[in-house]
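Enquirer: Residue-level listing of the chains:
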Amino acid sequence: AAGVIQSPRHLIKEKRETATLKCYPIPRHDTVYWYQQGPGQDPQFLISFYEKMQSDKGSIPDRFSAQQFSDYHSELNMSSLELGDSALYFCASCTSGGYNEQFFGPGTRLTVL
Amino acid sequence: AQSVAQPEDQVNVAEGNPLTVKCTYSVSGNPYLFWYVQYPNRGLQFLLKYITGDNLVKGSYGFEAEFNKSQTSFHLKKPSALVSDSALYFCAVRALSGGYNKLIFGAGTRLAVHP
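Sequence lines, in order, name chains Z and B.
Just so you know, we're using this note's numbering here: the first sequence kicks off at 1 and counts up by one.
Just so you know, we're using this note's numbering here: the second sequence kicks off at 1001 and counts up by one.
In short, the hints are calculated from the structure, not lab data.
As the structure is a prediction and not an experimental result, all values here were calculated from the model.
Positions of the beta carbon are idealized from the N, C-alpha and C atoms, including for glycine.
There's no promise every hint is true.
The calculated label-pair distances, taken between Cβ atoms and stated as ranges, are [claimed, not checked]:
| id | chain 1 | residue 1 | chain 2 | residue 2 | range |
| --- | --- | --- | --- | --- | --- |
| 1 | B | Ser1026 | Z | Pro8 | 13 to 21 Å |
| 2 | B | Ala1001 | Z | Pro39 | 32 to 40 Å |
| 3 | B | Gly1029 | Z | Pro8 | 36 to 44 Å |
| 4 | Z | Ile12 | B | Lys1069 | 22 to 30 Å |
| 5 | B | Gln1045 | Z | Gly40 | 31 to 39 Å |
| 6 | B | Gly1029 | Z | Ser59 | 18 to 26 Å |
| 7 | B | Asn1055 | Z | Gly84 | 39 to 47 Å |
| 8 | B | Ser1026 | Z | Gly38 | 43 to 51 Å |
| 9 | Z | Pro8 | B | Asn1055 | 28 to 36 Å |
| 10 | B | Pro1007 | Z | Thr18 | 34 to 42 Å |
| 11 | B | Glu1008 | Z | His73 | 21 to 29 Å |
| 12 | B | Ser1026 | Z | His73 | 28 to 36 Å |
| 13 | B | Lys1069 | Z | Ser70 | 26 to 34 Å |
| 14 | Z | Ile5 | B | Tyr1039 | 13 to 21 Å |
Per the computed footprint, the stretches of chain B lying under chain Z, defined by three or more beta-carbons under 8 Å from a beta-carbon of chain Z, are [to be verified]:
| id | region |
| --- | --- |
| 15 | 1031-1041 |
| 16 | 1080-1087 |
| 17 | 1106-1112 |
On the chain Z side, residues computed to face chain B include the following (Cβ under 7 Å) [claimed, not checked]:
| id | residue |
| --- | --- |
| 18 | Pro8 |
| 19 | Phe104 |
| 20 | Gly105 |
| 21 | Pro106 |
Start from the sequences, fold in the hints, and give me the full structure.
Expert: The following block contains the structure:
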């Protein structure tokens, strides 16, 4: 079965650089979530999209932005990177409806040097 | 505010023995609860969920969870642990926000199954 695809899997950036993370949801999933998991931490919700519109916003810094495109893939854009942005970034997708479980991608490991 | 608590950082169990990973929740309204497992350098894999109905929920890989409303708990269980079950386990609750189901995770419990 198709799973959530994230690219790149690993990314190394310098401070103050920008990064773009991509997420391709499971086919027919219309909702995408982004989570950030710091070392030894639980995943923290950043932002979500439903039908290409932002549906909710969590603890996402103003330096970050995201969008969902017409093919339902999503991109997380991160600017002015800081050392503290080093983390595992997960994308999850599901069909709309409060009961549906989210399916997570393998994550993008971002290291900021 | 909705939250979940996993009181144990780590659970150690011998292979073949039953295991329990604890989770308690705090929600307003009906709880929608989930368990996920994370292997090293991997994404989170869905194990099971409780929405309504039977208090005992069966999930993947032989895991099950018992929903207890009076104790506000949703403990993950398995009758016989395998070494391959060793991983990080997260309990999560759906957080209502405009009708969209972002997940609020517990801190995670590391399960170590010893041969």
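Enquirer: Each hint should be assessed against the structure and marked as holding or not.
Expert: Here is what the structure says about each hint:
Evaluation of the 13 to 21 Å hint for Ser1026(B) and Pro8(Z) yields a failure: the beta carbon distance comes to about 37 Å. Look at Ala1001(B) against Pro39(Z): about 25 Å separates their beta carbons, and that is not inside 32 to 40 Å. At roughly 39 Å, the beta carbons of Gly1029(B) and Pro8(Z) sit within the given window of 36 to 44 Å. The hint said 22 to 30 Å for the Cβ distance between Ile12(Z) and Lys1069(B), and at roughly 47 Å that hint is violated.
For the pair Gln1045(B) and Gly40(Z), the supplied restraint of 31 to 39 Å is violated, since their beta-carbon distance comes to about 19 Å. In this structure the supplied range 18 to 26 Å holds for Gly1029(B) paired with Ser59(Z), their Cβ-Cβ distance being about 23 Å. Between Asn1055(B) and Gly84(Z) the beta carbons are some 41 Å apart, a value that agrees with the proposed interval 39 to 47 Å. The hint said 43 to 51 Å for the Cβ distance between Ser1026(B) and Gly38(Z), and at roughly 23 Å that hint is violated.
Restraint check, Pro8(Z) to Asn1055(B): a C-beta distance of roughly 43 Å breaks the suggested window 28 to 36 Å. Between Pro1007(B) and Thr18(Z) the beta carbons are some 40 Å apart, a value that agrees with the proposed interval 34 to 42 Å. Roughly 38 Å separates the CB atoms of Glu1008(B) and His73(Z), a value that falls outside the hinted 21 to 29 Å. Restraint check, Ser1026(B) to His73(Z): a C-beta distance of roughly 35 Å satisfies the suggested window 28 to 36 Å.
Between Lys1069(B) and Ser70(Z) the CB atoms are about 43 Å apart, so this pair departs from the stated range of 26 to 34 Å. For Ile5(Z) and Tyr1039(B), the Cβ-Cβ distance of about 18 Å falls inside the hinted range of 13 to 21 Å, so the restraint holds. Judged by the Cβ-Cβ criterion of 8 Å, the region 1031-1041 of chain B is covered by chain Z as claimed, because 4 of its residues qualify and three suffice. A stretch counts as covered by a chain when three or more of its residues have a beta carbon under 8 Å from one of that chain; for the region 1080-1087 of chain B and chain Z the count is 0, and the coverage is violated.
With a threshold of 8 Å between beta carbons, the proposed coverage of the region 1106-1112 of chain B by chain Z holds, since 3 of its residues qualify and at least three are required. Annotation: Pro8(Z) was flagged as interfacial toward chain B, and the flag is violated, the nearest CB pair being 14 Å apart, outside 7 Å. The restraint placing Phe104(Z) at the interface with chain B holds, with a minimum CB-CB distance near 4 Å, inside the 7 Å limit. For the restraint placing Gly105(Z) at the interface with chain B, the shortest Cβ-Cβ distance is roughly 5 Å, inside the 7 Å limit, so the hint holds.
For Pro106(Z), the interface hint holds, since its Cβ comes within 7 Å of a Cβ in chain B; the closest pair sits about 5 Å apart.
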